[in-house]
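Asks: Sequence:
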Amino acid sequence: MPILKTENLTYTYAPATPFKHTAVNNISFSVEKGEITGIIGHTGSGKSTLLQLLNGLLKPTDGKVYFNGNDIWQDPKKIGLYRFKIGLVFQYPEYQLFEETVKEDIAYGPKNMKLSPEEIEQRVNEAVSIVGLKEHLLEKSPFDLSGGEKRRAAIAGIMAMKPEIIVFDEPTAGLDPIGRETVFEAIKKYRRDNDATIIIVSHSMEDMASICDKIIVLNDGNVVMHDSVAEVFKNADKLKKIGLNVPIVTDVLLTLKEMGADISVEHFTVRSAADFLISKIKGGAHLD
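So the sequence shown is numbered by the numbering used here: it starts at 92 and just counts up by one.
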């Protein structure tokens, strides 16, 4: 049984008005436990609306969201419990920091779960370790941290609730390369340590290629592809027609192939492509 499943999921803004807009249109897909699934699509394709439906912040106009086989809206009074199980990290989550200290901010969610002080302390410490925040920062105001530290503190606040699924909306937006790598390492560590499921929205095809197991492609509120990274990025022409790109390194390999080089284009990270090209050259292949 998939840990998360949508069935004919639809959401319409401003129904029965001249401003009616269906942002998510009859979407059905499933996510297996432990997977990292990326969601890509052009601006306005329905990504952010879909994330809020998965977390229960929005109630579907039609269709269902199932967590471990249970309709999350079957009993609306219990929707808060599902929000603890399916954590949502908004884009620029550091703007939601508000407590007096970093530690109190990370502990906010676990306190709302009515956990014991001992359990809260343990969860805060675990989350801090995962995201790599230094201990001396915990007693500081969140507003005294650097941008990257704020981002990690905000993510730690979600991780401290130990959701079985974490949904990230552009988790590395605005960060430098080192900050991006730190955040992705934290996401991968949380997944390993908690056997968790991760869903990520990003405009960076390189990020999606490096971290995801599968990718969902949205276009105008519809799922047009849902497959492995390799299968999705094989369809470069289809992606470009809907306003998306493939990773830059894949574009380079596609160009070489179009020029007559006998190479595979099924490489989506710089490391993978470099290893492949070096092995081809050492084997006597000519790429001109």
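Hint data in this document are derived by calculation from the structure and do not stem from the laboratory. All of these numbers come straight from a predicted model, not from anything done at the bench. One thing to keep in mind: the hints can contain errors.
[Stated by the list, open to error] Mimicking DSSO-like on lysine-lysine, the simulated pairs with C-alpha atoms at most 30 Å apart in a straight line are: (1) Lys176 to Lys279; (2) Lys332 to Lys373; (3) Lys202 to Lys279; (4) Lys231 to Lys169; (5) Lys280 to Lys305; (6) Lys96 to Lys169; (7) Lys225 to Lys169; (8) Lys176 to Lys205; (9) Lys169 to Lys124; (10) Lys280 to Lys231; (11) Lys96 to Lys202.
[Said to hold, decoys possible] Cβ-Cβ distance ranges computed for the label pairs, FRET-style: (12) Asn159 to Thr108: 15 to 25 Å; (13) Ile339 to Leu266: 16 to 26 Å; (14) Pro93 to Asn216: 28 to 38 Å.
Backbone N, C-alpha and C fix where the C-beta goes; we use that ideal spot for every residue, glycine too.
Asks: Against the structure, test the hints numbered earlier, and report the numbers of the ones violated in rising order.
Replies: Numbers 2, 4, 7, 12, in rising order.
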